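As given, the protein sequences belong to chains A and B, one line each in that order.
For the first sequence, our numbering begins at 1 and goes up steadily by one.
For the second sequence, our numbering begins at 1 and goes up steadily by one.
Hints in this document: simulated from the structure, not taken from any laboratory.
With a Cα cut of at most 30 Å, we get these calculated BS3-like pairs of lysine-lysine:
#1 A:K30 / B:K65
#2 B:K9 / B:K62
#3 A:K177 / B:K155
#4 A:K122 / B:K66
#5 A:K122 / B:K153
#6 B:K62 / A:K122
#7 B:K66 / A:K115
#8 A:K308 / A:K381
#9 B:K62 / A:K30
#10 A:K115 / B:K65
#11 A:K30 / B:K66
#12 B:K65 / A:K31
#13 A:K122 / B:K65
#14 A:K177 / B:K66
#15 B:K66 / A:K31
On the chain A side, residues computed to face chain B include the following (Cβ under 10 Å):
#16 L3
#17 N5
#18 I9
#19 L10
#20 A13
#21 L16
#22 A19
#23 Y63
#24 V64
#25 A67
#26 T68
#27 L72
#28 I84
Model, not experiment: these values are computed from the prediction.
Yeah, the Cβ is synthetic: ideal placement off N, Cα and C, and Gly gets one too.
The primary structure of each chain is shown beneath.
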Amino acid sequence: MNLSNHIPILIVAIPLLAAFLVPLIGRINKKATGTLTTLALSVSLILTITLAVKILTVGPQAYVFGATSPSLTLPSGLKFPIRIMFQIDAMGIFMGLITAVVSFVGAVYSLVFMKQHSGLDKYYSLLLLLTVGMFGMEFTGDMFNFFVFLEIASIASVALISFRGIDLGEPAEAGFKYMVVSSISALMVLFAVGIFYGQYDILNFAAIASVIKYSQLDKIALGLLIPVLAMKAGAVPMHMWTPDAYSEAPAPITMMLVATSQASLYALFRVVFSLYNISLNALTVGWIIIIFGLLSMFIGVTMAIIQKDIKRLMAYHAVSQTGYMFLGVGVGLAVLANPVALNQYGITAMEGGIFHIMNHAMYKGLLFLTAGALFFRTGTKNLDKMGGLAHSMKYTTIFFIIGAAAIAGLPPFNGFASKLLIYESVYKFNPLLSIIAMVVSILTLASFVKVFHSAFLGPKLPQFKEVKEVPRSMVFAMAVLSCIIIFFGLFPDLIVKNLVHPAVMSLIEQLQYTGTVLGGM
Amino acid sequence: MKEMSRIVKTVTNFVYGFIVIFGFYIIAHGHLTPGGGFQGGAVVGSAFALLLVSYGSLNSGKFLKKDIFSLFENFGLILFIVLGFSGLGITFFYNFLANSGGWFGDAAVIGVNPGDMNTGGVIPLMNIAVGLEVLSAFGVIVLTMASGAEFTKKKERS
Numbered sequence: 001m002n003l004s005n006h007i008p009i010l011i012v013a014i015p016l017l018a019a020f021l022v023p024l025i026g027r028i029n030k031k032a033t034g035t036l037t038t039l040a041l042s043v044s045l046i047l048t049i050t051l052a053v054k055i056l057t058v059g060p061q062a063y064v065f066g067a068t069s070p071s072l073t074l075p076s077g078l079k080f081p082i083r084i085m086f087q088i089d090a091m092g093i094f095m096g097l098i099t100a101v102v103s104f105v106g107a108v109y110s111l112v113f114m115k116q117h118s119g120l121d122k123y124y125s126l127l128l129l130l131t132v133g134m135f136g137m138e139f140t141g142d143m144f145n146f147f148v149f150l151e152i153a154s155i156a157s158v159a160l161i162s163f164r165g166i167d168l169g170e171p172a173e174a175g176f177k178y179m180v181v182s183s184i185s186a187l188m189v190l191f192a193v194g195i196f197y198g199q200y201d202i203l204n205f206a207a208i209a210s211v212i213k214y215s216q217l218d219k220i221a222l223g224l225l226i227p228v229l230a231m232k233a234g235a236v237p238m239h240m241w242t243p244d245a246y247s248e249a250p251a252p253i254t255m256m257l258v259a260t261s262q263a264s265l266y267a268l269f270r271v272v273f274s275l276y277n278i279s280l281n282a283l284t285v286g287w288i289i290i291i292f293g294l295l296s297m298f299i300g301v302t303m304a305i306i307q308k309d310i311k312r313l314m315a316y317h318a319v320s321q322t323g324y325m326f327l328g329v330g331v332g333l334a335v336l337a338n339p340v341a342l343n344q345y346g347i348t349a350m351e352g353g354i355f356h357i358m359n360h361a362m363y364k365g366l367l368f369l370t371a372g373a374l375f376f377r378t379g380t381k382n383l384d385k386m387g388g389l390a391h392s393m394k395y396t397t398i399f400f401i402i403g404a405a406a407i408a409g410l411p412p413f414n415g416f417a418s419k420l421l422i423y424e425s426v427y428k429f430n431p432l433l434s435i436i437a438m439v440v441s442i443l444t445l446a447s448f449v450k451v452f453h454s455a456f457l458g459p460k461l462p463q464f465k466e467v468k469e470v471p472r473s474m475v476f477a478m479a480v481l482s483c484i485i486i487f488f489g490l491f492p493d494l495i496v497k498n499l500v501h502p503a504v505m506s507l508i509e510q511l512q513y514t515g516t517v518l519g520g521m
Numbered sequence: 001m002k003e004m005s006r007i008v009k010t011v012t013n014f015v016y017g018f019i020v021i022f023g024f025y026i027i028a029h030g031h032l033t034p035g036g037g038f039q040g041g042a043v044v045g046s047a048f049a050l051l052l053v054s055y056g057s058l059n060s061g062k063f064l065k066k067d068i069f070s071l072f073e074n075f076g077l078i079l080f081i082v083l084g085f086s087g088l089g090i091t092f093f094y095n096f097l098a099n100s101g102g103w104f105g106d107a108a109v110i111g112v113n114p115g116d117m118n119t120g121g122v123i124p125l126m127n128i129a130v131g132l133e134v135l136s137a138f139g140v141i142v143l144t145m146a147s148g149a150e151f152t153k154k155k156e157r158s
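Extracted from the complex, chain B is given alone in its bound form:
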């Protein structure tokens, strides 16, 4: 894939950070607002796709590395299953942090409230795990598709 025009690249430079931050916002507020780990991860993943398309697959290889993505993907998955296991004192997936006062442990206010981030127990942590998994999986997918496109182009030329 070739890189696109200077206009596209400049706009990408502008919006890239905003898209990534918006994605992380959706992940972090998953237990309060619509969205969550998967949706936020997909938003961050779309930023990677934007980078790949505007800078071309050869140049973007400098910032997007498949190896690191798959490492992060693994960490996300392991974090999720470990959170499941750590509730095992009572039941698998038991929300042991909820209402405990510590991390994400405040009791949720019933009724109209401004939205307390510090609630939800393990659910925000699971959202972060899923978000990490999905954004890196999206990275792997777009990179694989790009290398597949290169492969077919090379095959057609020869």
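Pulled out of the complex, with its shape left as it was, chain A reads as follows:
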């Protein structure tokens, strides 16, 4: 048995096995649950990195469930794939790396952060299921399976958002809001899957992409898919769930929720680029996505400035940063049918947008973790009640400065690299868009200066005399993300060339995606 052929499934199956083992282990030893979770997720992280190296050197991989060989996509001369399969290209593994890093860091951070809570076996079980859901959404090559993994991720997130206790009121409300949003989006996705299945009798992404005709029904399916996936990604005007869900969930879960919304964003790009590609009216759909981006950027940041709750403020910033991804990729889509413009600035804009996904997951994760660290020690999320914490929480302060500088797009941090790519390329498409993006970036800086001032600066407050630095495992979790941020900021060229560019090309070139499954067809 050669395990190296089975890496794609092991990445998903090991956390799944751990998710089912955790409640059983929790009966014997409560403390072992967190250790088992961390162990499973670290194995998954190592396997993801191995798979990433393989995909970036060899090419896209397919893994067929239950077939006589993992790569047998078309058994006994069939013209279309009938089995459930994972189909992982450069874009999928790019998202997979984000999920792997974020979930591992989240598990490490939870070890101490969640210690006082009861029902930890359920917490870790759900955390692992959320990771499985995200991995599945990013790896699957089957539309119906995508719906299944979307549901797994949604249900796990709903329970985790309201984990702090349904009798507290606010977590319950946030969880309920997210439940409504995700059931609506899951139903719409299912409806769209039904439309495709009714028309073409197949469910495989690549197989549908090879026969899609952009008929009236396909337009309806696109109209169903784009808004609901944008809603799950938290784009304005469907962002009403983000501030509640992000601010009420425990800090490590908030970080993973950001990655979950990005998995939906990935699905949106996958649908638009790999499924429809040039068969759709790229200019119109591109502008729709750009407008989503503009609204998210601007409304997100203006709402963030007036917030007093630190996590709510960061949640609005998450909405605003999602706008940059929409803007970059939207510009790429708008010029998809025009090869000259695509080569001139379209690809660069998409590189900026896609690179921003990973950067955002890292620095926004770090910021949410520092907010969690402040909450862990002071017991409040209200900025007006904090102050002078830089005296006693030195590491947290440094991590916050790194995160805030990265989100505001200051060099030499990673936010600067991706934002510069977006500014430069979008300027060639439409100067106004680029100017708005820069203004939003300045407003972001302003709002984080405010947070820094009110939480960390000033004299030591008497009520926080006892406050100490957070425990070592939490510092370690934040340090991992900080190192990634600084590394990406110092060597953006390396990342863009080796990781981001292949991802963008695998989105743009539809035949590369369909060819993995359908062979020479």
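Given the coordinates of chain A, work out where chain B should sit on it, guided by the hints.
For chain B alone, kept in the frame of chain A given last:
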């Protein structure tokens, strides 16, 4: 929840066993007839709901225990994923028992046949795993709903 009248309880005593057996029949014949693990598990779960409603949540606590249900739920889930893993010699979820002659390993007859239980490979085993999971999950759900109802009633009274 209070217990219901003697008539309801007597009828429950009569039909309870039949419902449970019918549910297990659907689980066990999942690979031959319509239904399967989820459907059969739901039928067994409805028997638990019947017991809970007719005997009241306080009395039925003697027969229905949340702790045992969640243990069985775990076993079902682990059995399912282990069956997936054991096909890993070829691919994940590979049906390694089909046509092997042993457990559930007979070759299925093509065309009209009376229905051979001993076919299907790992599919009957997976149906049993899913059935175990679903029936105990249903048990947990109805018990949680009952305790939630008690909780709100207590809150309204105070």
